[in-house]
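Student: Sequence:
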Amino acid sequence: MSSSTVDPADPVFRLHRGGKMAVVSTVPLTSRDDLSLAYTPGVARVCEAIAADPTLTHDYTWASNTVAVVTDGSAVLGLGNIGPRAALPVMEGKAVLFKQFGGVDAVPVCLDTQDVDEIVATVTALAPSFGGINLEDISAPRCFEVERRLDEALDIPVFHDDQHGTAIVVLAALRNAATLLNRKLGDLRVAVSGAGAAGVAVTRMLVAGGVDPDQVVVCDSQGIISAHRPNLTGTKAELAELTNADGRQGDIIEALRDADVLIGVSGGQIPEQAVAGMAPGGIVFALANPTPEVHPEVAGRHAAVIATGRSDYPNQINNVLAFPGVFRGALAARATRVTDTMKVAAADAIAAVVAETLAPDAIVPSPLDPRVAPAVAEAVAEAARRAGVARA
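Mind the numbering: the sequence shown is residues 7 to 398 in the numbering used here, read in order.
Using C-beta positions, here's what the derived DEER-type ranges look like:
no., residue 1, residue 2, range
1, 229, 109, 41 to 49 angstroms
2, 127, 91, 18 to 26 angstroms
3, 127, 33, 32 to 40 angstroms
4, 52, 127, 25 to 33 angstroms
5, 257, 86, 21 to 29 angstroms
6, 91, 307, 39 to 47 angstroms
7, 376, 57, 34 to 42 angstroms
8, 39, 67, 17 to 25 angstroms
9, 229, 59, 55 to 63 angstroms
10, 228, 12, 37 to 45 angstroms
11, 257, 62, 52 to 60 angstroms
12, 188, 127, 45 to 53 angstroms
13, 377, 186, 17 to 25 angstroms
Dumping the calculated SDA-like pairs for lysine to any residue here, alpha-carbon to alpha-carbon at most 20 angstroms:
no., residue 1, residue 2
14, 26, 102
15, 26, 374
16, 190, 220
No wet-lab data here; the hints were simulated from the structure.
Glycine residues also receive a C-beta, built at the ideal position from the N, C-alpha and C atoms.
Construct the complete structure from the given sequences, taking the supplied hints into account.
Tutor: Listed below in C-alpha coordinates is the structure:
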(Lines of atoms letter the chains of each structure in order from A and count residues from 1; the text may use other names and numbers.)
(Lines give C-alpha, C1' and ligand atoms only; values in the text may rest on other atoms or scores of the structure.)
Protein backbone atom coordinates (compact mmCIF):
# COMPACT_ATOMS: atom_id res chain seq x y z
CA MET A 1 0.00 0.00 0.00
CA SER A 2 1.51 3.34 -0.99
CA SER A 3 1.32 6.42 1.24
CA SER A 4 -1.17 7.90 -1.20
CA THR A 5 -3.67 5.18 -0.26
CA VAL A 6 -3.44 5.84 3.49
CA ASP A 7 -6.62 7.48 4.71
CA PRO A 8 -5.94 9.43 7.93
CA ALA A 9 -9.67 9.28 8.70
CA ASP A 10 -9.73 5.47 8.54
CA PRO A 11 -10.17 4.23 12.13
CA VAL A 12 -7.58 1.49 11.54
CA PHE A 13 -4.91 4.03 10.64
CA ARG A 14 -6.02 6.38 13.42
CA LEU A 15 -5.58 3.59 15.97
CA HIS A 16 -2.13 2.64 14.68
CA ARG A 17 -0.75 6.18 14.41
CA GLY A 18 2.29 6.43 16.69
CA GLY A 19 2.19 2.69 17.40
CA LYS A 20 0.14 0.63 19.84
CA MET A 21 2.49 0.41 22.81
CA ALA A 22 4.98 2.36 24.92
CA VAL A 23 7.45 1.84 27.77
CA VAL A 24 6.17 2.94 31.18
CA SER A 25 8.26 3.25 34.35
CA THR A 26 7.24 1.10 37.32
CA VAL A 27 9.06 3.26 39.86
CA PRO A 28 8.80 6.95 40.85
CA LEU A 29 11.40 9.38 39.53
CA THR A 30 10.37 12.61 41.24
CA SER A 31 13.25 13.28 43.60
CA ARG A 32 17.01 13.10 43.92
CA ASP A 33 16.64 10.05 46.16
CA ASP A 34 14.50 8.34 43.52
CA LEU A 35 17.19 8.91 40.92
CA SER A 36 19.96 7.65 43.18
CA LEU A 37 18.04 4.42 43.85
CA ALA A 38 16.80 3.71 40.33
CA TYR A 39 20.00 4.75 38.61
CA THR A 40 23.45 5.73 39.77
CA PRO A 41 24.83 5.11 42.35
CA GLY A 42 22.27 2.63 43.71
CA VAL A 43 21.89 0.56 40.55
CA ALA A 44 25.57 -0.45 40.72
CA ARG A 45 24.89 -2.56 43.82
CA VAL A 46 22.26 -4.54 41.93
CA CYS A 47 24.62 -4.99 38.98
CA GLU A 48 27.34 -6.34 41.25
CA ALA A 49 24.92 -8.78 42.86
CA ILE A 50 23.79 -10.08 39.47
CA ALA A 51 27.39 -10.37 38.28
CA ALA A 52 28.06 -12.58 41.29
CA ASP A 53 24.83 -14.58 40.86
CA PRO A 54 23.24 -14.32 37.38
CA THR A 55 20.04 -16.02 38.59
CA LEU A 56 19.24 -12.78 40.44
CA THR A 57 18.36 -11.32 37.03
CA HIS A 58 14.92 -12.88 37.50
CA ASP A 59 14.38 -11.05 40.79
CA TYR A 60 15.84 -7.63 40.06
CA THR A 61 15.16 -6.92 36.37
CA TRP A 62 12.21 -7.08 34.04
CA ALA A 63 13.48 -10.31 32.42
CA SER A 64 11.30 -12.53 34.60
CA ASN A 65 8.16 -11.06 33.04
CA THR A 66 9.30 -10.05 29.56
CA VAL A 67 9.17 -11.88 26.25
CA ALA A 68 10.77 -11.01 22.91
CA VAL A 69 8.32 -11.32 19.99
CA VAL A 70 10.72 -12.19 17.18
CA THR A 71 10.00 -12.23 13.45
CA ASP A 72 11.83 -11.99 10.16
CA GLY A 73 8.69 -10.85 8.35
CA SER A 74 8.64 -13.86 6.05
CA ALA A 75 5.14 -15.22 6.75
CA VAL A 76 3.04 -12.43 8.23
CA LEU A 77 -0.63 -13.26 8.74
CA GLY A 78 -2.02 -13.99 5.29
CA LEU A 79 0.19 -11.34 3.71
CA GLY A 80 3.26 -13.48 3.11
CA ASN A 81 6.84 -12.29 2.95
CA ILE A 82 6.35 -8.56 3.56
CA GLY A 83 9.55 -7.97 5.53
CA PRO A 84 10.38 -6.78 9.06
CA ARG A 85 9.12 -3.19 8.86
CA ALA A 86 5.71 -4.14 7.51
CA ALA A 87 5.55 -6.88 10.15
CA LEU A 88 6.05 -4.45 13.03
CA PRO A 89 2.36 -3.51 13.46
CA VAL A 90 1.52 -7.20 13.86
CA MET A 91 4.30 -7.73 16.40
CA GLU A 92 3.14 -4.66 18.34
CA GLY A 93 -0.34 -6.16 18.33
CA LYS A 94 1.02 -9.45 19.62
CA ALA A 95 2.84 -7.63 22.41
CA VAL A 96 -0.36 -5.85 23.43
CA LEU A 97 -2.19 -9.19 23.55
CA PHE A 98 0.52 -10.60 25.81
CA LYS A 99 0.00 -7.71 28.23
CA GLN A 100 -3.79 -7.60 28.07
CA PHE A 101 -4.47 -11.30 28.45
CA GLY A 102 -1.43 -12.64 30.31
CA GLY A 103 0.03 -9.69 32.18
CA VAL A 104 3.28 -10.39 30.34
CA ASP A 105 5.45 -7.56 28.97
CA ALA A 106 6.57 -8.16 25.40
CA VAL A 107 8.91 -6.38 23.01
CA PRO A 108 8.66 -6.60 19.20
CA VAL A 109 11.98 -7.61 17.63
CA CYS A 110 11.77 -7.45 13.82
CA LEU A 111 14.96 -8.76 12.23
CA ASP A 112 16.22 -7.57 8.87
CA THR A 113 17.49 -11.00 7.90
CA GLN A 114 15.92 -14.28 6.82
CA ASP A 115 19.08 -16.31 7.22
CA VAL A 116 18.68 -19.05 9.82
CA ASP A 117 22.21 -18.70 11.17
CA GLU A 118 21.85 -14.94 11.55
CA ILE A 119 18.44 -15.22 13.23
CA VAL A 120 19.72 -17.80 15.71
CA ALA A 121 22.88 -15.82 16.47
CA THR A 122 21.00 -12.55 16.91
CA VAL A 123 18.29 -13.94 19.18
CA THR A 124 20.88 -15.83 21.22
CA ALA A 125 22.82 -12.60 21.71
CA LEU A 126 19.65 -10.73 22.76
CA ALA A 127 18.38 -13.44 25.09
CA PRO A 128 19.84 -12.08 28.38
CA SER A 129 17.30 -9.24 28.20
CA PHE A 130 14.30 -11.58 28.20
CA GLY A 131 12.63 -14.40 30.09
CA GLY A 132 11.26 -16.06 26.97
CA ILE A 133 11.29 -15.96 23.16
CA ASN A 134 8.08 -16.01 21.12
CA LEU A 135 8.86 -16.72 17.47
CA GLU A 136 6.26 -15.28 15.13
CA ASP A 137 5.48 -15.34 11.42
CA ILE A 138 8.66 -17.11 10.28
CA SER A 139 8.04 -19.25 7.21
CA ALA A 140 8.36 -23.02 7.06
CA PRO A 141 10.52 -25.00 6.90
CA ARG A 142 13.06 -22.52 8.32
CA CYS A 143 10.90 -21.97 11.40
CA PHE A 144 11.47 -25.57 12.52
CA GLU A 145 15.25 -25.21 12.50
CA VAL A 146 15.18 -21.76 14.09
CA GLU A 147 13.08 -23.00 16.99
CA ARG A 148 15.07 -26.21 17.44
CA ARG A 149 18.41 -24.46 17.51
CA LEU A 150 17.26 -21.71 19.85
CA ASP A 151 15.66 -24.26 22.16
CA GLU A 152 19.00 -26.06 22.33
CA ALA A 153 21.04 -22.88 22.81
CA LEU A 154 18.95 -21.08 25.43
CA ASP A 155 17.80 -21.90 28.95
CA ILE A 156 14.56 -19.94 28.63
CA PRO A 157 11.28 -20.91 26.91
CA VAL A 158 11.28 -20.71 23.10
CA PHE A 159 7.82 -21.00 21.55
CA HIS A 160 6.83 -20.65 17.89
CA ASP A 161 3.24 -19.52 18.25
CA ASP A 162 2.22 -20.19 14.65
CA GLN A 163 2.99 -23.83 15.35
CA HIS A 164 2.24 -24.51 18.97
CA GLY A 165 -0.35 -21.88 19.80
CA THR A 166 -2.55 -23.13 16.99
CA ALA A 167 -1.90 -26.75 17.91
CA ILE A 168 -2.80 -26.24 21.57
CA VAL A 169 -6.14 -24.62 20.77
CA VAL A 170 -6.94 -27.25 18.12
CA LEU A 171 -6.33 -30.02 20.65
CA ALA A 172 -8.55 -28.25 23.20
CA ALA A 173 -11.32 -27.81 20.64
CA LEU A 174 -11.09 -31.39 19.37
CA ARG A 175 -11.16 -32.77 22.90
CA ASN A 176 -14.39 -30.89 23.61
CA ALA A 177 -15.92 -31.71 20.22
CA ALA A 178 -15.25 -35.40 20.82
CA THR A 179 -16.77 -35.19 24.30
CA LEU A 180 -19.84 -33.47 22.89
CA LEU A 181 -20.27 -36.23 20.31
CA ASN A 182 -19.56 -38.97 22.87
CA ARG A 183 -16.39 -40.01 21.06
CA LYS A 184 -12.87 -40.82 22.25
CA LEU A 185 -9.83 -39.10 20.76
CA GLY A 186 -8.09 -42.43 20.26
CA ASP A 187 -10.93 -43.68 18.04
CA LEU A 188 -11.06 -40.70 15.68
CA ARG A 189 -9.85 -40.88 12.10
CA VAL A 190 -8.24 -37.53 11.35
CA ALA A 191 -7.25 -35.85 8.09
CA VAL A 192 -4.97 -32.80 8.33
CA SER A 193 -4.89 -30.59 5.24
CA GLY A 194 -1.61 -28.71 5.27
CA ALA A 195 1.94 -29.70 6.18
CA GLY A 196 3.40 -26.31 6.96
CA ALA A 197 4.27 -25.03 10.42
CA ALA A 198 0.73 -25.27 11.79
CA GLY A 199 -0.07 -28.60 10.14
CA VAL A 200 3.05 -30.29 11.47
CA ALA A 201 2.56 -28.94 14.99
CA VAL A 202 -1.16 -29.79 15.04
CA THR A 203 -0.42 -33.35 13.97
CA ARG A 204 2.21 -33.83 16.64
CA MET A 205 0.07 -32.17 19.30
CA LEU A 206 -2.95 -34.36 18.53
CA VAL A 207 -0.78 -37.45 18.86
CA ALA A 208 0.66 -36.16 22.15
CA GLY A 209 -2.89 -35.51 23.34
CA GLY A 210 -4.21 -39.00 22.64
CA VAL A 211 -5.07 -39.30 18.95
CA ASP A 212 -3.84 -42.57 17.42
CA PRO A 213 -1.11 -41.63 14.91
CA ASP A 214 -2.03 -44.66 12.81
CA GLN A 215 -5.43 -43.04 12.26
CA VAL A 216 -3.99 -39.70 11.07
CA VAL A 217 -3.43 -38.77 7.43
CA VAL A 218 -1.66 -35.53 6.47
CA CYS A 219 -1.96 -33.90 3.06
CA ASP A 220 0.12 -31.24 1.38
CA SER A 221 -0.33 -29.65 -2.05
CA GLN A 222 0.75 -32.91 -3.70
CA GLY A 223 -1.65 -35.13 -1.79
CA ILE A 224 -1.35 -37.61 1.04
CA ILE A 225 2.03 -37.82 2.74
CA SER A 226 3.12 -41.44 2.98
CA ALA A 227 6.26 -43.53 3.00
CA HIS A 228 5.45 -44.45 -0.60
CA ARG A 229 6.01 -40.90 -1.83
CA PRO A 230 9.46 -40.31 -3.31
CA ASN A 231 11.79 -37.50 -2.33
CA LEU A 232 10.26 -36.75 1.07
CA THR A 233 12.78 -34.90 3.17
CA GLY A 234 13.02 -33.41 6.62
CA THR A 235 9.78 -32.81 8.45
CA LYS A 236 7.56 -34.49 5.85
CA ALA A 237 9.61 -37.66 6.04
CA GLU A 238 9.11 -37.61 9.80
CA LEU A 239 5.35 -37.17 9.30
CA ALA A 240 5.32 -40.16 6.96
CA GLU A 241 6.91 -42.29 9.68
CA LEU A 242 4.58 -41.01 12.40
CA THR A 243 1.24 -41.19 10.57
CA ASN A 244 -0.71 -43.05 7.88
CA ALA A 245 0.03 -46.58 9.02
CA ASP A 246 -2.12 -47.98 6.20
CA GLY A 247 0.00 -46.23 3.57
CA ARG A 248 -2.96 -44.47 1.98
CA GLN A 249 -2.19 -42.55 -1.19
CA GLY A 250 -4.07 -40.02 -3.28
CA ASP A 251 -5.58 -36.58 -2.88
CA ILE A 252 -7.64 -34.83 -0.21
CA ILE A 253 -10.76 -36.67 -1.37
CA GLU A 254 -9.11 -39.98 -0.53
CA ALA A 255 -7.73 -38.59 2.73
CA LEU A 256 -11.22 -37.59 3.84
CA ARG A 257 -12.94 -40.82 2.84
CA ASP A 258 -14.66 -42.08 6.04
CA ALA A 259 -12.66 -39.62 8.17
CA ASP A 260 -14.23 -38.35 11.38
CA VAL A 261 -12.23 -35.13 11.51
CA LEU A 262 -10.91 -32.59 9.01
CA ILE A 263 -8.41 -30.04 10.22
CA GLY A 264 -7.61 -27.47 7.55
CA VAL A 265 -4.45 -25.42 8.05
CA SER A 266 -3.46 -25.04 4.42
CA GLY A 267 -5.24 -22.06 2.92
CA GLY A 268 -6.28 -24.14 -0.07
CA GLN A 269 -9.90 -24.84 -0.94
CA ILE A 270 -11.38 -28.29 -0.29
CA PRO A 271 -14.27 -29.35 -2.55
CA GLU A 272 -17.61 -30.26 -1.03
CA GLN A 273 -17.45 -33.74 -2.53
CA ALA A 274 -14.41 -34.42 -0.34
CA VAL A 275 -16.25 -33.31 2.80
CA ALA A 276 -19.29 -35.34 1.77
CA GLY A 277 -17.09 -38.45 1.84
CA MET A 278 -16.45 -38.09 5.57
CA ALA A 279 -18.15 -40.32 8.11
CA PRO A 280 -21.54 -38.97 9.24
CA GLY A 281 -21.66 -36.58 12.19
CA GLY A 282 -18.06 -35.53 11.85
CA ILE A 283 -15.95 -32.56 12.86
CA VAL A 284 -14.60 -29.88 10.50
CA PHE A 285 -12.03 -27.31 11.61
CA ALA A 286 -11.41 -25.08 8.56
CA LEU A 287 -8.88 -22.63 9.95
CA ALA A 288 -7.52 -20.68 6.97
CA ASN A 289 -8.02 -16.92 7.19
CA PRO A 290 -9.77 -15.01 5.79
CA THR A 291 -11.22 -17.77 3.58
CA PRO A 292 -11.73 -21.14 5.31
CA GLU A 293 -10.84 -24.27 3.33
CA VAL A 294 -14.52 -25.22 3.58
CA HIS A 295 -17.19 -22.57 4.00
CA PRO A 296 -19.07 -23.13 7.28
CA GLU A 297 -22.38 -23.37 5.44
CA VAL A 298 -20.98 -26.12 3.25
CA ALA A 299 -19.40 -27.90 6.21
CA GLY A 300 -22.70 -27.66 8.06
CA ARG A 301 -24.34 -29.91 5.48
CA HIS A 302 -22.02 -32.76 6.41
CA ALA A 303 -20.53 -32.19 9.89
CA ALA A 304 -21.91 -31.96 13.42
CA VAL A 305 -19.28 -29.56 14.80
CA ILE A 306 -17.55 -26.79 12.86
CA ALA A 307 -14.79 -24.38 13.80
CA THR A 308 -12.91 -21.70 11.88
CA GLY A 309 -10.18 -19.17 12.48
CA ARG A 310 -12.59 -16.26 12.04
CA SER A 311 -14.19 -14.16 14.74
CA ASP A 312 -17.49 -13.81 12.88
CA TYR A 313 -18.31 -17.54 13.15
CA PRO A 314 -18.76 -19.69 16.27
CA ASN A 315 -15.86 -21.71 17.65
CA GLN A 316 -12.98 -19.45 16.67
CA ILE A 317 -9.65 -21.26 16.99
CA ASN A 318 -7.66 -18.27 18.22
CA ASN A 319 -4.06 -18.47 19.44
CA VAL A 320 -4.77 -15.83 22.06
CA LEU A 321 -6.44 -18.60 24.05
CA ALA A 322 -3.00 -20.20 24.43
CA PHE A 323 0.12 -18.07 24.24
CA PRO A 324 -0.50 -15.50 27.02
CA GLY A 325 -1.20 -18.21 29.59
CA VAL A 326 1.56 -20.49 28.31
CA PHE A 327 4.17 -17.79 28.80
CA ARG A 328 2.63 -16.57 32.06
CA GLY A 329 2.91 -20.08 33.46
CA ALA A 330 6.35 -20.77 32.00
CA LEU A 331 7.72 -17.50 33.37
CA ALA A 332 6.16 -18.09 36.79
CA ALA A 333 7.87 -21.48 36.96
CA ARG A 334 11.07 -20.05 35.48
CA ALA A 335 10.93 -22.91 33.00
CA THR A 336 13.92 -23.66 30.83
CA ARG A 337 11.73 -24.74 27.90
CA VAL A 338 8.15 -25.48 26.86
CA THR A 339 7.65 -29.25 26.78
CA ASP A 340 4.94 -31.28 25.07
CA THR A 341 3.43 -32.05 28.47
CA MET A 342 3.14 -28.31 29.16
CA LYS A 343 1.39 -27.81 25.82
CA VAL A 344 -1.04 -30.66 26.47
CA ALA A 345 -1.71 -29.22 29.93
CA ALA A 346 -2.51 -25.87 28.31
CA ALA A 347 -4.94 -27.53 25.91
CA ASP A 348 -6.64 -29.40 28.74
CA ALA A 349 -7.00 -26.17 30.72
CA ILE A 350 -8.57 -24.34 27.77
CA ALA A 351 -10.99 -27.21 27.20
CA ALA A 352 -11.94 -27.33 30.88
CA VAL A 353 -13.05 -23.69 30.96
CA VAL A 354 -16.18 -24.52 28.94
CA ALA A 355 -16.46 -28.23 29.76
CA GLU A 356 -19.72 -27.74 31.68
CA THR A 357 -21.43 -25.70 28.96
CA LEU A 358 -20.49 -27.50 25.77
CA ALA A 359 -22.61 -26.98 22.67
CA PRO A 360 -21.95 -27.45 18.95
CA ASP A 361 -21.31 -23.70 18.64
CA ALA A 362 -19.34 -23.42 21.91
CA ILE A 363 -16.50 -25.94 22.12
CA VAL A 364 -13.85 -23.35 23.03
CA PRO A 365 -13.99 -20.25 25.24
CA SER A 366 -14.26 -16.77 23.82
CA PRO A 367 -10.86 -15.14 23.30
CA LEU A 368 -12.08 -12.46 25.70
CA ASP A 369 -12.97 -14.91 28.49
CA PRO A 370 -10.95 -13.74 31.52
CA ARG A 371 -10.81 -17.26 32.98
CA VAL A 372 -8.64 -18.67 30.23
CA ALA A 373 -5.14 -17.23 30.75
CA PRO A 374 -5.04 -17.83 34.53
CA ALA A 375 -6.22 -21.42 34.07
CA VAL A 376 -3.65 -22.06 31.35
CA ALA A 377 -0.87 -20.40 33.36
CA GLU A 378 -1.56 -22.52 36.43
CA ALA A 379 -1.67 -25.74 34.40
CA VAL A 380 1.51 -24.93 32.48
CA ALA A 381 3.48 -23.97 35.59
CA GLU A 382 2.45 -27.19 37.34
CA ALA A 383 3.30 -29.25 34.24
CA ALA A 384 6.73 -27.57 34.07
CA ARG A 385 7.41 -28.61 37.65
CA ARG A 386 6.29 -32.19 36.97
CA ALA A 387 8.50 -32.29 33.87
CA GLY A 388 11.55 -31.14 35.82
CA VAL A 389 12.12 -28.01 33.72
CA ALA A 390 11.06 -25.47 36.39
CA ARG A 391 13.41 -23.44 38.54
CA ALA A 392 10.73 -21.94 40.81
